[in-house]
Amino acid sequence: MAKQPVAVVGTGQTRFRSHHADKNYVELAQDAAKLALDDAGMVPDEIDAIVFSMSPTHFMGVNDVERWSIEHVWGVNKPFMRVHTGGATGGSAIQAGYFHVASGMYDTVLVVGADRVAETPDSQHVLNLIWDRFYEHDFALNTVTMTALAAQRYMHKYGTTEEQFAKVVVRGRKNALKNETAHLKGSITVDDVMNSPRVSYPFKRFDICPRSSGGAAVVLTNKDVAKEKCSRPAFMTGVSSITHSVFMGDRQGYWADTDFADQDGYDRAAQECYRQAGIIDPVREVDVLELYDPFSTFQFPALESLGFCGRGEATAINEDNGWEIDGGIVAVNPSGGTLCTNPIGVTGLVRAIDAAKQIMGRAGDMQVKNAKKAIATAIGGSTQFFTVSAFSDDYVS
Amino acid sequence: MDVYVIGMDVHDPSDRVADKRLEEMVFDTARGALDDAGVSRDEIDHVTIAACDELDGRSISSMLLATPAGAYLKDELKCTDSGLTGFCLAAMRAGSGVFHLGLVSSWNKSSVAPVEEVMNSRCEPFFTRPIGLNMSITDGLFAQTVADIYGIDEDDVNRAVMEGYRRAHKNPRGMQRQVPPAHEISNSPHLAYPLRKSHQAPITDGAVSMVLASGEWVAEHPNCRPLARIAGMGWRTEGYSLGRDRLGALTGFRDTFEDALGMAGLLDADELDVIELDSQTGYHELAFKSALGVEGLDAVSPSGGVFAQNPYFCTGMTNAAEAILQVNGLAGPTQVQGAHIAAAHQSHGFAQQGHVAVIFEGV
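So the protein sequences, as listed, match chains A and B.
If you count by the working numbering, then the first sequence holds residues 1 to 397, one letter each, in order.
If you count by the working numbering, then the second sequence holds residues 398 to 760, one letter each, in order.
Hints are computed from structural coordinates only; laboratory data are not their basis.
Be a bit skeptical, because a hint or two may be false.
Stated by the list, open to error - Residues of chain B placed beyond 12 Å of chain A at every Cβ, according to the derived structure: (1) Ser437; (2) Lys567; (3) Asn620; (4) Asp695; (5) His737.
As the list claims (entries may be wrong) - To give an idea of the chain A side of the interface with chain B (calculated C-beta under 7 Å), a few residues: (6) Pro56; (7) Arg67; (8) Ile70; (9) Asn77; (10) Met81; (11) His84; (12) Ser92; (13) Met105.
As the list claims (entries may be wrong) - Chain B is nowhere near these chain A residues, computed Cβ spacing over 12 Å in every case: (14) Arg15; (15) His20; (16) Ala118; (17) Ala148; (18) Val170; (19) Lys174; (20) Glu180; (21) Thr189; (22) Met194; (23) Asn195; (24) Tyr201; (25) Glu324; (26) Asp326; (27) Gly328; (28) Gln367.
Just so it is clear, CB atoms sit at the ideal spot from N, CA and C, and this is done for glycine as well.
In isolation and in its complexed conformation, chain A is listed as follows:
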């Protein structure tokens, strides 16, 4: 149990889109920081330390870009560190911020970041560079083709079809209509998804997230400051970030400890997070899930590994509208999720913000009634870094 309970008292997100022609990178980070500070009712001097959320800087073209951002997020001469775990970065960054406060080292921490993924002509070319230069660069391995392999394995194991995955996209775009910061949103059909151009089997274009640009920030603080600053803070009650092997081939078959198709770090991360948060039965206790789902195939194995249903059952539950906001087992991605918005360096932070806002009652049109417990996730690397964070209307005493 944390020595100091940790709470979210302010959040901020810019609008996300492919390009922000009127802002550069550091201005996007600044906008997010300002929004979060305003939401918390704080000024920069009340921030003791800063954690910067940024994944590979190759997307936007300045190495260690957080150093350029320091003045713009009011970080000059403050304790400052950058966290980076690929796609899971935002999830890891808020957890790093959590440890600043939970340890008693600092009272109030700003976690902030931004990304401009569309600065590069092809982010998948950059993402090819995450692989081994001798063996893996040349056969076009990137995050789309990597994930396509896992999706095919999931389809083989559980019989899920492309049309069934397409329904996840339809639900996500519909939910995003109520999210003013979402990048992609709209009423689309399964046929629209199925008829979009093929990218890598089973993915069509609409099965894949956009390349988003924008910033995100949260203010974390201890329970005493939270009581003073916020009538309904979102307490972070559980944090876990499990790392798996980069080698996908080692994560399937007889000798493997786990199965790559099942997003095989989530179960351990969830168990640890639930243990800390005192969650015994997530189906009964969790009201909102903000899942990291940059592909249509991510939600089903995630829901199964997080304990919301048995292996291979998530697809059928989706057919019965079981993951809808109203009337479902749990409200999954009221924000539209990563399928609608993916600014990679802060995507995990956006998931956490959207979960925390539900607890704080500040989710606007996306608000789930009586939300008291929410879970946010993120994934990075070769689907190998898994973060799970729990938010609650009360802390664990």
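Dock chain B against chain A, hints included.
Same frame as chain A, now just chain B:
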């Protein structure tokens, strides 16, 4: 926060580790730290990594390196500022009450990294990158500024460099390079006026891992003999611009030490028995000593500091290892007699933009 270092391993320094891949260096060091602590990988509940993609030559380098760093199916976070920043994150995790036994690793194989090109690409693309700023040039700007503000002349710098090599030559854990003759130092070519090539410490390959345990864990394991208690920590990062105030005031450096000293219950740096500074050039060493008010203290970088080994990015971790040896009386020929409390420092970013200090206390 009550956190202890219970085991550590430092990879043998080398200008170029040619017989191992980086993964092997990281694995060997992490394995060595666990063995030194007498704990198994199964027992640790978290791993913290400090590494730089650009210097590792691979986007999201922890994809490959997390497993050799001991993180397979473990709770793992990575920070990218410096090795000693990662150490501070690891300490906060071990001291949070959530986790109790962790492994922290940092590394650099700069022999295969184009360091100056990496640094040039840290510049924003509009103004500073086109004019070619890199590490040497920004260190030259720093040297000009501190020479003016602190009255440092080139003879002082040349002597500081020679003294650094002298101390480093005695350190069996360092490169033990020959001490260069005075004329070699004073006549080496300018990199960026007034900085000469000889004023810079050579960059080496290296890796460091440490095992950290909470006070609760130590209390529950009476057979464990901690190497040191973490008495204080501080880290600050200054702005990106390179104006005179930013370069010369050393505000971030002073405040970093003030934070760490305050946490340790100390008032001044001269209460420390040993300070291992990350002074990438002779100008840095003299400016840092002046800012701390320890010009007269003998025990500043007794290991030889960066002139002993300098695995850039993880140099603060080698400083931490030297400080821990000092408070255990195990530093051998570089031992400062009676050392009980010692500080390790790391500088990072252009012209010491960021600083980290950790104070270790003998147990």
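Okay, the hints, checked on the actual structure:
no. : hint   : result
1   : Ser437 : holds, 17 Å
2   : Lys567 : holds, 34 Å
3   : Asn620 : holds, 26 Å
4   : Asp695 : holds, 30 Å
5   : His737 : holds, 24 Å
6   : Pro56  : holds, 4 Å
7   : Arg67  : holds, 5 Å
8   : Ile70  : holds, 6 Å
9   : Asn77  : holds, 5 Å
10  : Met81  : holds, 5 Å
11  : His84  : holds, 5 Å
12  : Ser92  : holds, 5 Å
13  : Met105 : holds, 5 Å
14  : Arg15  : holds, 24 Å
15  : His20  : holds, 16 Å
16  : Ala118 : holds, 16 Å
17  : Ala148 : holds, 18 Å
18  : Val170 : holds, 31 Å
19  : Lys174 : holds, 32 Å
20  : Glu180 : holds, 30 Å
21  : Thr189 : holds, 36 Å
22  : Met194 : holds, 32 Å
23  : Asn195 : holds, 33 Å
24  : Tyr201 : holds, 24 Å
25  : Glu324 : holds, 32 Å
26  : Asp326 : holds, 35 Å
27  : Gly328 : holds, 30 Å
28  : Gln367 : holds, 30 Å
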